[in-house]
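Student: Chain residues, written in single-letter form:
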Amino acid sequence: MIAALLDRLRQGDRNALARLISLAAQGEGLAELQASLAANPRSARVVAFTGSGGVGKSTLIGKLIPLVRSQGHKVAVLACDPQSPLSGGALLGDRFRMGSSTDDGVFIRSLAAQSGHGALADHLDVMIRLFETVGFEVIFLETVGAGQGDVEVRRFSDVVVLMLQPETGDDVQWEKAGILECADIVVVHKADLPTTEQTAAQVRAALDLSPARHVPVLRVSTKANTGHAELWQTIHALPLRRQHATAASLLLESAIAWFKERYQAAESRHDAELVKLIEAWQRGETPTEIAAQSLLNTLTRAKP
Amino acid sequence: MDHPIRIVLAKVGLDGHDRGIKVVARALRDAGMHVIYAGLWQTPEAVVRTLADEDADWLGLSLLSGAHMTLVPRVLELMKQANLDNVGIMVGGIIPEADIAKLTAMGVAKIFGPGTSLDEIVGFLKTPREPKP
Ligand code: B12
Ligand SMILES: Nc1nc2c(ncn2[C@@H]2O[C@H](COP(=O)(O)OP(=O)(O)O)[C@@H](O)[C@H]2O)c(=O)[nH]1
Ligand SMILES: [Mg+2]
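Which chain is which? The protein sequence lines are E and U, in order. Take 0 as the starting number for the first sequence in numbering that gives the first Met the number 0 and just add one per residue. Take 0 as the starting number for the second sequence in numbering that gives the first Met the number 0 and just add one per residue.
So that you can see chain U by itself, here it is in the shape it has in the complex:
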């Protein structure tokens, strides 16, 4: 059955930069997706609980604070514990080049930095994915 893509958008940790995530939220809605906006200052535990209860297809995290190398692995670990490994995860914000490969290796599907066009993000989500092994 064809249902709209459900995606949870959240900011973890103390990072207060929420312009980017709000822009992305609106673009995804306008592209026909159901966007669950969880907002600022979420703990990894709360994000994963939201993801589970909302039965989302995707999680999108936005990090501009530099804390991504501790917070993203924590979220991935909790997702595994909650049997949510099948949910896709993408990350946006300020992520240095060197960390992109590391996060991808951990299981992040794609990372979007500053200046990414909204069409690119929509296009990525609308492209059918290969199922995770």
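Chain E with its partners taken away, still in its complex shape:
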């Protein structure tokens, strides 16, 4: 069945593409799909948009679609919304915000992200490969929200755009949660609102604490229709991480990010074992090598 669908896909059958994405979402025939798609080059630019619910991810993507199309690129969107852990149901409303289109060069798919599976739906890698097979050059991913699971977002994408908005009063929260670390670009969205400048300055200051990595901070307002061209230019200027990275370096990067995520969680709940370990190291009672191993053990055992 999958072989037949893949044949139809390569002949440009849109319904076959839609069906294959469903199969991937349900985790059916994954091995066969992966095997037949593995040889394809990583030809697309995958851009992930993350940030709290309501920050305007869907609306912004909806604005970028025509911009990307005007440059002749085919664009696909995988938009994730949360699935209820109780009923298993989901209200997938991103597409409504993105605006409707009958352009063959645009493909929007709504996906339910299971709770506990991070900020994205399952098996996105297979879906990305399906789009690449039929020549989609730009793929936008919308996460269910910032915070947990951002490590995975980075793994699947070339560029991660973190979206924040002014006046939410949660500036302390994003600093603490360490979500800035996952971002390649930070967008202060809804720049039509007051206090945009303060928010942008706070983000800039937080980012400048780790000067090794240059992360642009852009102000965008979809309401006032400003900043989109500059955002797209900035996205486009960044290197394609998935193409250049080796599997080993991707794993290392993901592992480090995972490690930090765990560490921050343990730190914020004042994990007793962690505190003890740090103090012992600070007093010089345990050498770094041993402390590092205990740290790894503690964080691996701890619930996230």
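Calculated from the structure, these hints are not laboratory results.
Computed beta-carbon distance windows for the label pairs:
id, chain 1, residue 1, chain 2, residue 2, range
1, U, G122, E, H72, 43 to 49 Å
2, E, L250, U, K79, 44 to 50 Å
3, E, L85, U, K21, 18 to 24 Å
4, U, D98, E, R9, 40 to 46 Å
5, U, K79, E, D102, 18 to 24 Å
6, E, G11, U, L13, 29 to 35 Å
7, U, E76, E, D102, 16 to 22 Å
8, E, D191, U, K21, 23 to 29 Å
9, E, D102, U, L39, 16 to 22 Å
10, U, N85, E, G11, 16 to 22 Å
11, U, M68, E, L250, 58 to 64 Å
12, E, A38, U, P127, 37 to 43 Å
13, U, M68, E, A200, 54 to 60 Å
14, E, A38, U, L13, 48 to 54 Å
Chain U side only, calculated, beta carbon under 7 Å to chain E, not exhaustive:
id, residue
15, A37
16, G38
17, D52
18, D54
19, N82
Values in this document were obtained by computation on a predicted structure and should not be read as measured data. Quick reminder that beta carbons are idealized off the backbone N, C-alpha and C, glycines included.
Guided by the hints, dock chain U with the ligands onto chain E, whose structure is given.
Tutor: Quick look at chain U with the ligands alone, frame taken from chain E:
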């Protein structure tokens, strides 16, 4: 394989009554379905494209404007052209008695008028259907 029912809910044309469709959307989600909410002011072409790309099992249209006898046949026609005849379609809203039989004959699986209980709609979707000829 058992997967949650995927249903696209949309309003076609200039009809701005969206209370009913929002109530239905929430009820279906709470019943464990995956509801793709396409929202207001959709053209028949855009609805059918959404249906195709979302690989949905069902399309639910809500019409309270009186334009159902032009819009629903148009959607059905486009679905046929897009090879989506296997997707079930149901309609809700203000549909006069006389039009119900006509729409059913065209291929609409079921029509739900004002006052329909949400349980009835959920129950209908969860009842296994006979495959279309
Ligand atoms: C509230 C209302 C409004 C509100 C709408 C607010 C909103 N955002 O929805 C406002 C004030 C804006 C409004 C405006 C107008 N309205 Co008005 N409005 C109504 C009213 C009183 C109730 C509709 C409602 O919300 N019901 C509650 C919901 C929960 O019920 P429902 O939509 O019927 O949905 C249920 C079922 O139908 C079904 N269902 C509905 N959709 C779907 C979809 C699926 C997939 C399924 C399975 C089931 C399903 O399940 C739901 C639960 O039981 C009706 C009269 C009536 N009694 O129906 C008139 C009515 C619909 N309006 C009418 C008119 C004429 C207008 C205006 C043109 C008036 C004007 N001249 O300005 C404007 C047009 C606005 C526009 N842009 O389209 C007429 C339509 C006449 C017709 N079709 O021939 C009605 C019937 C009043 C009348 N008797 O004349 N209206
Ligand atoms: N003031 C302002 N509001 C916006 C802007 N962009 C989007 N919004 C609003 O923000 C809300 C959430 O947008 P949405 O795209 O659904 O956010 P998401 O949950 O991050 O996908 C909607 O009510 C939008 O109308 C903007 O540039 N300025
Ligand atoms: Mg959204």
